[in-house]
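One-letter residues, chain by chain:
Protein chains: 2
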Amino acid sequence: MAPSLAIACQAATERPARALAPTSRVAAVCSEVQASRIGHKLDLPSVLKTPFKIVHGPPSSSAGNPAEIAKLFPHLFGQPSASLVPSDATSAVSKQNLKIGVVLSGGQAPGGHNVITGIFDYLQEHAKGSTLYGFRGGPAGIMKCKYTELTSDYIHPYRNQGGFDMICSGRDKIETPEQFKQAEETALKLDLDGLVVIGGDDSNTNAGLLAENFRSKNLKTRVIGCPKTIDGDLKCKEVPVSFGFDTACKIYAEMIGNVMVDARSSGKYYHFVRLMGRAASHITLECALQTHPNITIIGEEVAMKKLTLKNVTDYIVDVICKRSELGYNYGVILIPEGLIDFVPEVQQLIAELNEILAHETVDEGGLWKNKLKPQSLQLFEFLPQAIQEQLMLERDPHGNVQVARIETEKMLIQMVEVELEKRKQENRYKGGFQGQSHFFGYEGRCGFPSNFDSTYCYALGYAAAALLHCGKTGLIASVGNLGAPVSDWTVGGTALTSLMDVERRHGKFKPVIKKAMVELEGAPFKRFASMREEWAVKNRYISPGPIQFVGPTSHAINHTLLLELGAQARTRMIQ
Amino acid sequence: MAPSLAIACQAATERPARALAPTSRVAAVCSEVQASRIGHKLDLPSVLKTPFKIVHGPPSSSAGNPAEIAKLFPHLFGQPSASLVPSDATSAVSKQNLKIGVVLSGGQAPGGHNVITGIFDYLQEHAKGSTLYGFRGGPAGIMKCKYTELTSDYIHPYRNQGGFDMICSGRDKIETPEQFKQAEETALKLDLDGLVVIGGDDSNTNAGLLAENFRSKNLKTRVIGCPKTIDGDLKCKEVPVSFGFDTACKIYAEMIGNVMVDARSSGKYYHFVRLMGRAASHITLECALQTHPNITIIGEEVAMKKLTLKNVTDYIVDVICKRSELGYNYGVILIPEGLIDFVPEVQQLIAELNEILAHETVDEGGLWKNKLKPQSLQLFEFLPQAIQEQLMLERDPHGNVQVARIETEKMLIQMVEVELEKRKQENRYKGGFQGQSHFFGYEGRCGFPSNFDSTYCYALGYAAAALLHCGKTGLIASVGNLGAPVSDWTVGGTALTSLMDVERRHGKFKPVIKKAMVELEGAPFKRFASMREEWAVKNRYISPGPIQFVGPTSHAINHTLLLELGAQARTRMIQ
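Chains as they are written, first to last, in the UniProt record's numbering: chain A, 1 to 575; chain B, 1 to 575.
Since the hints were derived computationally from the structure, they do not count as laboratory data. Quantities reported herein were computed from a predicted structural model and do not represent experimental measurements. Backbone N, C-alpha and C define an ideal beta-carbon position, used for all residues, glycine too. Mixed in with the good hints, there may be bad ones.
[Stated by the list, open to error] Computed footprint of chain B on chain A; a stretch qualifies when at least three of its residues, placed anywhere within it, have a C-beta under 8 Å from a C-beta of chain B:
(1) 221-230
(2) 538-551
[Unchecked claim] Result set (BS3-like, lysine-lysine): computed pairs, CA atoms no more than 25 Å apart in a straight line:
(3) A:K146 <-> B:K538
(4) A:K430 <-> B:K146
(5) A:K146 <-> B:K430
(6) B:K146 <-> A:K144
[What the hints assert, rightly or not] Per the computed footprint, the stretches of chain B lying under chain A, defined by three or more beta-carbons under 8 Å from a beta-carbon of chain A, are:
(7) 31-39
(8) 249-258
(9) 436-444
Given these sequences and hints, build the entire structure.
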């Protein structure tokens, strides 16, 4: 074991002082893993290693309401998808220098830096002399024309590293006519040939609108989106997975696996683990497939079956009682962060509370509660007192109840305790129960990208740059065939408009990319559903361990993707 | 990327069904990392690969009150330490078969399974035909004679795996004459030549008492302890580190590093991270040395300087204000789980509350508060309301305030918010503050042991078995020279009585192994203290990443151990 406190970071020494931005990784030292990951060489899909050309698919439509989408995107609607294929001509793509901007939008996801290095390396390889601008702090950086010119030295220390700190991110949106104007000014000022927007569903919708707007103003600036979100809810047939999902789930699954072994070793705790992912439960489902917990709540199933909190509590308590009879007074339970949002009765209660609290004074005696509808009152009384108080006291600046602040896992522990106590009184349960709550969230957003996400993101960056280089706009970069070796991955772009539907807001149609929810008929959920009864009463725990970057265990891909790919392959075979 | 959902666990197929215990790893599948770790080959110190003999040091004393320890351990007091050295005789140790028991005591720590496999493999190698019994569920397993005979097949799937689930653990103590009698009966019934007690300070004190008791009753059963605890507070000159500390700190540091990158990427959160370790702050200090957070609170320093909660809050707020002026409205703050126990004024308040709440009725108007001494009242009023309520409402079965339930990180966030708001009113602070709380605890106790802990524990197990084989009792297994290559590690045992002092309890002297606290004059704290001002205002974050088992980054050792070894080496050079 060679003693080593901290090794000189190669990056820091190689990098001239002038290139250092205020927020950048200027520390004189970095960890061994940081240093070793910087030097990790990434494979590329074969088509990106040879001269290539673009072939087009048939004209596209939209995910819904094509007539409205066509009206909102008169220049872009109907674009075919683009695929890169090898070309025997060496000059399939012009050698012209490009000026490209890139922006990170929204919450962090492991691999964002690799999209940027992919863009950079593509430009170095195929359009030497090009310039890459990194807009700082998200879309606000575009509007304020706040950017850093990304050089080889500058980006070097971020290769295969987690986080978005190379240029940071932000949650601003480019929405109003003034904001679009600001974006145009930046595009003109920097003479941008293209812009890559790395973001989730909202950001990619925005990318589409920007592309349409630039085109309508006859600006040369083209826009390509990249699918980012650990939540895994931005995907479609041609975009099999959003980046970051693989890494984040592996980090959460590592922790869950550890907690499972702990539960089995001490034999006395029920661990309630809340997992990030508000809108969809993909993360929770994936973590369940990786670790085999005793109980997993999937929000989409709760919504589909119109379950109440009482139903969910009873389900958990039933399993706890059954396990207790088998001699197991411990277990692990996974809960999606957004569970409450999936429970119809909670939505109803929140709506009534917002209304009442806006207009009534809340009397100590509780007379205000009479304003609640009977079912909502019943639910309110069912909630633990701490949650009742939280609902009453913690309001956002608009006076609304802050549902997101509710620690669902703690709420469930309290409700389970009450129900177990009741069953104990009725002599239906004799076990002991100690709940431990966990929330795994921020730990997973900025981890080192797995080998899969590192390679996938690098290919996405290459793809985005290649699409811009070929004059494409209004597409989302897509890399497919991900179950095959990297050399066989497909590369191209899909019309952003083809992912869109419209929503009516303030009397107007707004384009939206619909979030991909967990499909109860999809292969991942069906696999889970076929196993959960066994996992509930038998202990089939699996401990995935920490992400490995070297060796045979470093090539795993998440189960959700593999199962979906398998299902697709089977569908193809049947057809 | 080879698709692989879950691979057949080699262990499960190799293992006859009859060997499967109810709580054991019977799943038909395990993760790739689980499978690959099972096959990981461990190096041994050279002395354990050759014929060896034992050499003895000078007679030992105790850590304090030698006269009292001598009275409590009339048969064992003064034993010299034992060192294994190579022997040219091939028969330095008898070939006799042994019957050995092993027990896991107290909270989990990564590497416990490897101590057991080390004992097992030693017996296979040096005393073929021996029997190893694993007492189930901790010391209760000894008293109830509840055990599993550990066979090659049985232990195989637990090689290099985290957790204590091979035989599980428990927190019972062997204390009363009846309990000692039960232990004697088990020793006689199983005809035990030896017992290895794997545990922390309390368990090793117990191991010493058992050894003394067996000796005094002329039983042949000898007892050897092994130093276990993630808290790192069981160590002395000859036992440089307790096992599990290395792995747990690396797991926590991985998460802290991720959260740091997240903080820098989004630029808007202060992450307050509470870390396991109630009695001593070694874990917090080690994580700080690995990751360079902006603020780290070390309990021992708080106690030494007699800081109040207001002092701690002000220190945090001062740094936050300074950082805000530099443009950083984010940061990472590490807090030891036991912080509150280190604050003298809190201890005083708790004592007064316990007294008052036992005898007074608590009136709504708050008149009861007049019973508090002025300083305690001032502290009580300074605490956030939620914490006040927690102190009043949540009592243990003895009616005492449950200090351990207080979420220190949330309490500090609230106190910091109040103070920042005050400074904002006074125009001394203009920044934005959003606190995020984390508790990293259970995730670290059962992770896969790092290569260091895997190898160290295996050597400890070998050492314990060798000491028993040589007829030793009342020693704690010690493996030293840990900064050197494994082949040069030293192996031996140290008299448990030499670690002991006495405490007066219920009018009697009780032997105790004193917890090793963070020494403010020690090399690890001094290194930290020399850097913390720079870390506070500049961002020197280091992201250690996930533990790697393969490749150049897999050989790191924790900083605390290295710094202490370095300091020792320097001391030796000076002498």
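Quick rundown of the hints versus the structure:
1. Judged by the Cβ-Cβ criterion of 8 Å, the region 221-230 of chain A is not covered by chain B as claimed, because only 0 of its residues qualify and three are needed.
2. Coverage of a stretch by a chain is defined here by at least three residues with a beta carbon nearer than 8 Å to that chain's beta carbons; for the region 538-551 of chain A and chain B the count is 13, and the condition holds.
3. A C-alpha spacing of about 23 Å is found between K146 of chain A and K538 of chain B, which places the hinted pair at or below 25 Å, so the restraint holds.
4. Taking the CA atoms of K430 of chain A and K146 of chain B, the gap is about 23 Å. The hint holds against a cut of 25 Å.
5. At roughly 23 Å between alpha-carbon atoms, K146 of chain A and K430 of chain B fall within 25 Å of each other, so this suggested pair holds.
6. Restraint check: the Cα-Cα separation between K146 of chain B and K144 of chain A comes to about 71 Å, which exceeds 25 Å; the hinted pair is violated.
7. Counting residues of the region 31-39 of chain B whose beta-carbon sits less than 8 Å from any beta-carbon of chain A gives 6, enough to reach three: the coverage restraint holds.
8. Residue count for the region 249-258 of chain B with a Cβ under 8 Å from a Cβ of chain A: 5. That meets the three needed, and the coverage hint holds.
9. Chain A is given as covering the region 436-444 of chain B, and this holds because 5 residues of the stretch bring a CB closer than 8 Å to a CB of that chain, at least three being needed.
Of the numbered hints listed earlier, those contradicted by the structure are 1, 6.
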